[in-house]
Amino acid sequence: MSQTIRRKGTTARKAAAQQGQQRKVRVAKARTGSALDMVMAWLPFTETQLHKIFLVAILGGAAALVCVVASFAGLPGLAGHQMALVAGQTGFEVKRVEVRGVKNINELKVYEKALAERDRAMPLVDIEALRQDLLGLSWVKDARVSRQLPDTLVIDIVEREPHAVLRKADRFVLIDETGHELEAVSRKDVGGKLIVSGPGAGQQVIALGKMLEAAPAMKPRVAEAEWIGNRRWNLTFQSGQVLALPEGDRESAGALVTFARLDGTNRLLGGKVTAFDMRAKDRIYMRVPEQEGQELALKAGSVPRTGATEDAGGQVQ
Numbered sequence: 044m045s046q047t048i049r050r051k052g053t054t055a056r057k058a059a060a061q062q063g064q065q066r067k068v069r070v071a072k073a074r075t076g077s078a079l080d081m082v083m084a085w086l087p088f089t090e091t092q093l094h095k096i097f098l099v100a101i102l103g104g105a106a107a108l109v110c111v112v113a114s115f116a117g118l119p120g121l122a123g124h125q126m127a128l129v130a131g132q133t134g135f136e137v138k139r140v141e142v143r144g145v146k147n148i149n150e151l152k153v154y155e156k157a158l159a160e161r162d163r164a165m166p167l168v169d170i171e172a173l174r175q176d177l178l179g180l181s182w183v184k185d186a187r188v189s190r191q192l193p194d195t196l197v198i199d200i201v202e203r204e205p206h207a208v209l210r211k212a213d214r215f216v217l218i219d220e221t222g223h224e225l226e227a228v229s230r231k232d233v234g235g236k237l238i239v240s241g242p243g244a245g246q247q248v249i250a251l252g253k254m255l256e257a258a259p260a261m262k263p264r265v266a267e268a269e270w271i272g273n274r275r276w277n278l279t280f281q282s283g284q285v286l287a288l289p290e291g292d293r294e295s296a297g298a299l300v301t302f303a304r305l306d307g308t309n310r311l312l313g314g315k316v317t318a319f320d321m322r323a324k325d326r327i328y329m330r331v332p333e334q335e336g337q338e339l340a341l342k343a344g345s346v347p348r349t350g351a352t353e354d355a356g357g358q359v360q
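For what it's worth, my numbering labels the leading residue of the sequence shown as 44, then goes sequentially.
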């Protein structure tokens with residue numbers, strides 16, 4: 044026969060505990076809901092708009108992940124190259140080269156560099172590499188390369204200015220104001236440019252220019268400057284007279300200024316004196332050919348108007 048088992052009824056203590064637990068849950072839900080409501084109230088979006096924003100953020104993150112994976116696989120480079128080829132097939136490729144600013148440089152050398160890009164799709168032309176290649180030409184001080192769509196490369200050249208002529212053992216070479224060598228020239232093409240000579244003279248052109256600027260009246264009258272012993276200058280004037288200057292930038296500039304002042308009061312250039320030596324701090328030695336054998340040292344501030352002589356005993360060094 045069957046037996047029915049009866050469970051004990053819920054006691055008052057258990058009922059109270061369950062009611063307390065349910066009350067805590069309701070309070071927590073109420074607090075959470077009120078907090079979310081407050082945050083939602085602060086945001087200037089409706090619930091529908093927020094759903095859209097979250098959806099866009101999720102899709103954007105997925106797209107970024109796809110791009111990262113594609114970049115590791117090299118797909119963007121391949122796609123860009125393919126697009127460049129398509130652009131070339133539609134007419135965007137190099138057909139013409141336009142060169143501007145060329146005066147002294149051999150223009151064919153510029154075209155020779157640029158025509159290597161001929162028939163290449165415009166997006167595939169390495170502008171910076173072509174510019175660096177052009178800067179390797181001796182006359183080019185700066186260069187700018189640009190695309191003029193659909194089919195033209197435009198090259199703007201800034202040339203170096205010829206400043207002087209460097210006399211070497213076997214040839215003459217044009218140089219700019221920094222001593223940068225431009226091109227070889229014949230003696231007849233030197234013209235009225237300053238001739239610089241002596242071992243290492245090319246590296247001293249900037250210092251020479253600063254020294255000559257100290258005495259502007261003397262600068263156009265200097266025909267040649269010889270760098271002696273890698274330490275000082277001998278200047279040869281258009282009159283053929285030679286001036287030996289002391290060592291040191293400040294000392295040589297000061298001596299040249301003093302010489303310019305004395306020439307202004309005593310007309311030293313164009314006279315009988317063939318050589319002036321200002322290597323001594325307070326003396327000027329002068330040489331006159333017909334008075335060989337006499338030596339005279341004069342103070343820098345007391346050069347007589349009638350001229351004084353000094354036997355240098357040979358070439359001024």
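It is worth saying that the hints were derived from the structure and are not from the lab. Please note that a few of the clues may not be correct.
[Unchecked claim] Here are the computed distance ranges between Cβ atoms for each label pair:
id, residue 1, residue 2, range
1, Ala159, Arg264, 47 to 57 angstroms
2, Arg293, Ile170, 37 to 47 angstroms
3, Pro166, Arg143, 15 to 25 angstroms
4, Asp185, Ala227, 35 to 45 angstroms
5, Glu226, Asp185, 49 to 59 angstroms
6, Glu290, Arg310, 49 to 59 angstroms
7, Pro166, Arg293, 49 to 59 angstroms
8, Lys253, Pro193, 47 to 57 angstroms
9, Ala260, Gln175, 35 to 45 angstroms
10, Lys262, Arg143, 52 to 62 angstroms
11, Lys184, Arg264, 21 to 31 angstroms
12, Pro193, Ala227, 38 to 48 angstroms
13, Leu178, Ala100, 23 to 33 angstroms
14, Ala260, Leu167, 51 to 61 angstroms
[What the hints assert, rightly or not] For lysine-lysine, the following BS3-like pairs were computed, each having C-alpha atoms within a straight-line distance of at most 30 angstroms:
id, residue 1, residue 2
15, Lys152, Lys236
16, Lys138, Lys253
17, Lys184, Lys146
18, Lys146, Lys236
19, Lys152, Lys184
20, Lys262, Lys315
21, Lys236, Lys211
22, Lys324, Lys231
23, Lys146, Lys211
24, Lys231, Lys211
25, Lys211, Lys262
26, Lys152, Lys231
27, Lys184, Lys211
28, Lys184, Lys138
29, Lys315, Lys236
30, Lys138, Lys262
31, Lys315, Lys146
32, Lys184, Lys231
33, Lys253, Lys231
34, Lys253, Lys146
35, Lys231, Lys138
36, Lys156, Lys184
37, Lys315, Lys231
38, Lys262, Lys236
39, Lys324, Lys253
40, Lys211, Lys253
For every residue, glycine included, the Cβ atom is placed at its ideal position computed from N, Cα and C.
Going down the list of hints, with the structure as the test:
1. About 48 angstroms separates the C-beta atoms of Ala159 and Arg264, a value consistent with the hinted range of 47 to 57 angstroms.
2. A hinted range of 37 to 47 angstroms holds for the C-beta pair Arg293 and Ile170, which are about 46 angstroms apart.
3. Look at Pro166 against Arg143: about 23 angstroms separates their beta carbons, and that is inside 15 to 25 angstroms.
4. At roughly 23 angstroms, the beta carbons of Asp185 and Ala227 sit outside the given window of 35 to 45 angstroms.
5. Distance hint for Glu226 and Asp185: a CB-CB separation of about 18 angstroms, inconsistent with the stated range 49 to 59 angstroms.
6. Taking the beta carbon of each, Glu290 and Arg310 are about 28 angstroms apart, not inside 49 to 59 angstroms as hinted.
7. A C-beta distance of roughly 56 angstroms is found between Pro166 and Arg293, which places it inside the suggested range of 49 to 59 angstroms.
8. For Lys253 and Pro193, the hinted distance range of 47 to 57 angstroms is satisfied, since their beta carbons lie about 50 angstroms from each other.
9. Between Ala260 and Gln175, the C-beta spacing of about 43 angstroms keeps the proposed range 35 to 45 angstroms intact.
10. Judged by the Cβ atoms, the range 52 to 62 angstroms given for Lys262 and Arg143 is violated: they are separated by roughly 33 angstroms.
11. One distance hint, 21 to 31 angstroms for the beta-carbon pair Lys184 and Arg264, holds here, with the actual separation near 29 angstroms.
12. For the pair Pro193 and Ala227, the supplied restraint of 38 to 48 angstroms holds, since their beta-carbon distance comes to about 41 angstroms.
13. Checked against the hint of 23 to 33 angstroms, the C-beta distance between Leu178 and Ala100 comes to roughly 49 angstroms, which is inconsistent with it.
14. Restraint check, Ala260 to Leu167: a C-beta distance of roughly 58 angstroms satisfies the suggested window 51 to 61 angstroms.
15. The straight-line distance between the Cα atoms of Lys152 and Lys236 is roughly 26 angstroms, inside the 30 angstroms bound, and the hint therefore holds.
16. Taken as a hint, the Lys138 and Lys253 pair is broken in the structure, with Cα atoms around 47 angstroms apart against an allowance of 30 angstroms.
17. With a C-alpha separation of about 13 angstroms, the suggested pairing of Lys184 with Lys146 holds against the 30 angstroms cut-off.
18. Note on Lys146 and Lys236: the hinted pairing holds, with a Cα-Cα distance of about 18 angstroms set against a maximum of 30 angstroms.
19. Restraint check for Lys152 and Lys184: the C-alpha separation of about 15 angstroms stays at or below 30 angstroms, so the hint holds.
20. The straight-line distance between the Cα atoms of Lys262 and Lys315 is roughly 21 angstroms, inside the 30 angstroms bound, and the hint therefore holds.
21. Simply put, Lys236 and Lys211 have alpha-carbon atoms about 15 angstroms apart, close enough for the 30 angstroms limit, and the pair holds.
22. Restraint check: the Cα-Cα separation between Lys324 and Lys231 comes to about 39 angstroms, which exceeds 30 angstroms; the hinted pair is violated.
23. For a cut-off of 30 angstroms, the pair hint linking Lys146 to Lys211 stands: about 25 angstroms separates their Cα positions.
24. A threshold of 30 angstroms between alpha carbons decides the hint, and for Lys231 with Lys211 the separation of about 15 angstroms falls inside it, so the pair holds.
25. Proposed proximity of Lys211 and Lys262 is supported: the alpha carbons are some 22 angstroms apart, at most 30 angstroms.
26. Between the alpha carbons of Lys152 and Lys231 the distance comes to roughly 25 angstroms, so the proposed pair stays at or under 30 angstroms and holds.
27. Distance restraint check for Lys184 and Lys211: the Cα-Cα separation of roughly 23 angstroms lies within the 30 angstroms cut-off, and the hinted pair is therefore satisfied.
28. For the proposed pair Lys184 and Lys138, the alpha carbon gap of about 26 angstroms is at most 30 angstroms, so the pair holds.
29. Restraint check for Lys315 and Lys236: satisfied, since their Cα atoms lie roughly 25 angstroms apart, inside the 30 angstroms limit.
30. Only pairs whose Cα atoms come within 30 angstroms are accepted, and Lys138 paired with Lys262 is rejected, the gap being roughly 50 angstroms.
31. Between the alpha carbons of Lys315 and Lys146 the distance comes to roughly 43 angstroms, so the proposed pair goes past 30 angstroms and is violated.
32. For the given pair, Lys184 sits about 26 angstroms from Lys231 by alpha-carbon distance, which is consistent with the 30 angstroms threshold.
33. For the proposed pair Lys253 and Lys231, the alpha carbon gap of about 27 angstroms is at most 30 angstroms, so the pair holds.
34. Annotation: proposed proximity of Lys253 to Lys146 holds, straight-line Cα distance about 27 angstroms (limit 30 angstroms).
35. Distance check on the hinted pair: Lys231 and Lys138 sit about 41 angstroms apart at the alpha-carbon level, beyond 30 angstroms; violated.
36. Of the supplied pair hints, the one linking Lys156 and Lys184 holds, its CA atoms being roughly 16 angstroms apart against a limit of 30 angstroms.
37. Pair hint Lys315 plus Lys231 holds up; C-alpha atoms about 29 angstroms apart against a cutoff of 30 angstroms.
38. Only pairs whose Cα atoms come within 30 angstroms are accepted, and Lys262 paired with Lys236 is accepted, the gap being roughly 11 angstroms.
39. With a CA separation close to 21 angstroms, the supplied pair Lys324 and Lys253 stays within the 30 angstroms bound.
40. Simply put, Lys211 and Lys253 have alpha-carbon atoms about 23 angstroms apart, close enough for the 30 angstroms limit, and the pair holds.
Hint compliance for this structure: hints 4, 5, 6, 10, 13, 16, 22, 30, 31 and 35 are broken, all remaining hints hold.
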